[in-house]
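Keeping their order, the protein sequence lines are chains C and G.
Numbered by the numbering used here, the letters in the first sequence go through residues 1 to 77 in order.
Numbered by the numbering used here, the letters in the second sequence go through residues 1001 to 1577 in order.
Please keep in mind that the hints were generated in silico from the structure rather than gathered at the bench.
Since we're looking at a predicted model, the values are computed, not measured.
Certain hints may be false.
Cut-off 30 Å, straight-line C-alpha distance, at most; resulting in silico cross-link-like pairs (BS3-like, lysine-lysine) [what the hints assert, rightly or not]: (1) Lys23(C) - Lys1143(G); (2) Lys1461(G) - Lys49(C); (3) Lys49(C) - Lys1570(G); (4) Lys1444(G) - Lys1461(G); (5) Lys1143(G) - Lys45(C).
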Amino acid sequence: MPIASQATIVPVVIDDDKCIAEKGCRTCIDVCPLDVLWINEETGKAHMKYDECWYCMPCEADCPTDAVTVNIPYLLS
Amino acid sequence: MALPDDINVIDVDILVIGGGTAGPLAAITAKEKDPDAKVMLLEKANVKRSGAISMGMDGLNNAVVPGHSTPEDYVKEITTANDGIVLQDGVLAYAERSYSMIQKLDSWGVYFQKDETGEFDMKKVHHLGTYVLPMPEGHNIKKILYRRLRRHRVIIENRLQAIRLLKDKEGAVSGCIALSTREATITVIRAKAVIMCTGAAGRIGLPASGYLFGTYENPSNCGDGHSMAYHAGAELSGLECYQINPLLKDYNGPACAYVTGPLGGYTANAKGDRFIECDYWSGAMMQEFYNELQGGNGPVFLKLDHLAEETIQEIEHVLHTNERPSRGRFHDGRGTDYRSSMVEMHISEIGFCAGHSASGVWINEKGETTLPGLYGAGDMASIPHSYMLGAFVYGDICGENASEYVRDRDLSELDEDYILSERDRILAPLKQTDGIPPSQFEYKLRRLVNDYLQPPKVTKKMDIGLARILAMENDIPLLYARDAHELLRANEALHILDCAKMAAVASMYRQESRWGLYHNYVDFPQTNDSEWFCHVQLFKDNNGQMTCSKKPVKPYVVELDEHEKSAYQKMRVQQTN
């Protein structure tokens, strides 16, 4: 059964200029209840890897540099 | 025979599964009782921000505070709110410890609203008594719990999803098999007792938005505990009494009419008229809500636009900073302002949640399930209408009793054949080179639940739904995961599949209607006390089949008079012209 890859717009946006993941920060990744934030191997910054968001906001509230913005998922907004 | 190196084994005295609300209390109490015990708190996410209260909670819905109500008043309220089908001893055990738990939380630094005399500022929302206590700073609750866990040196294991319980030769629960959600490796935790606090099964139905994770419940609460208990042979109860809640349309968070109620807000129809007597969530209330949605007076709205500016600011502060803080952002995106317009509401997808209704893994007043060594607390366990404070109290009760139970016990031998076969089953989707992605499998399953199992319930529809859900079991060998995260979702989907079957089987067993919309069975529209004044227990029989049986309601410890019995039956506002 072949697999397709479809584009999807994700609700959590991370400002690469503010994100300090390269210094070892994993705060947003650690606190996400759905485990959908991971390090982007290309940039070394945090990003939303899976479109499985409960728009609950610990990632934004706990980020030490205010790099994270949680938007309402497009299907709901 | 020894287990291979790819399986990590950890030994503890007490294993608590689920670090949301009940779990932390269970672990803390177990350590308070025996500071030398090895107590592990296992969490699929991260204990700092997990479960239903990951961002906090705006208040207690069921505070039994002296001077406002007695434990007996509360037992009556919940008995009638749940149409009589309750284990009163279990509700009473909660009610008797409700106030001391509030005092304990208060001493830990949880701030409850107080009036000018320093007393708890109680609000009336329920039909009969006064039980609501606001927590305007409730966003810090998880931090306070986390500090306590660290202080008591509870062993915390994050990002491990418990998948199956282990049992010893005598049938006592002796640990669990878990999957690392980041590494896709198997860990076995051996324990003398297990306390399950895995939350609601909130991912059975599909939200009206179609977004898989836009559920009412935190979507990590997908019925892991319900499925584990079932496969271990425990009884579940009241699964036909679904959770269905009134929510903000699309956002799918609670509209919290009952939070705004004491401040003058209410649920209204399209004409702006009040149509229900009481905004406290019950099946009868939800039936009226459903009728209004479907009738010519719908949709239904949260009405605040008649309130004063300072009142609206207070409501915004409470509702936009605690339980679901992205709510303000949702309203801003659509240009919705409480001052100038009513806010559209809708009903949630179905779920199992004792926090709001009555369904879950059966426990008694000691937090014991029907299996020795297995305890349960919180939204997953069967004590009805427990909410957050009930989860804390039953976590506490389970911690206490499990601590007593393990005192003279040893760790059991591991059943290696079972562990190896489970390892292979759990990891199978990773071994595929293509196949069905977990997201598509889950979408189809939950769409079937919406099409066939939502109330109003109809036998013929549920027959078709169950057959289609069972047919999906043939697709399990085709499940395909590309990484550890997708493997987590594949295993969650299998727990959801179990829960969907349970919803159908339990609903078709109870051949009457009860609890308003929760079990509105079109083929049997009347409540039939002579045959169905009982609990419906669901379990795996000796042939491995999903089966139900009747369990008599234990004689009441608090009797109700006729007025109290019917208080929740008359929800619709009566015409006065």
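Against the structure, the hints come out as follows:
1. Simply put, Lys23(C) and Lys1143(G) have alpha-carbon atoms about 24 Å apart, close enough for the 30 Å limit, and the pair holds.
2. Note on Lys1461(G) and Lys49(C): the hinted pairing is violated, with a Cα-Cα distance of about 38 Å set against a maximum of 30 Å.
3. In summary, the hint linking Lys49(C) to Lys1570(G) is not supported, as the alpha carbons are separated by about 49 Å, beyond the 30 Å threshold.
4. Of the pairs offered as hints, the one joining Lys1444(G) and Lys1461(G) holds, with about 16 Å between alpha carbons and a cut-off of 30 Å not exceeded.
5. The straight-line distance between the Cα atoms of Lys1143(G) and Lys45(C) is roughly 26 Å, inside the 30 Å bound, and the hint therefore holds.
Of the hints listed earlier, those the structure fails to meet are numbers 2 and 3, in rising order.
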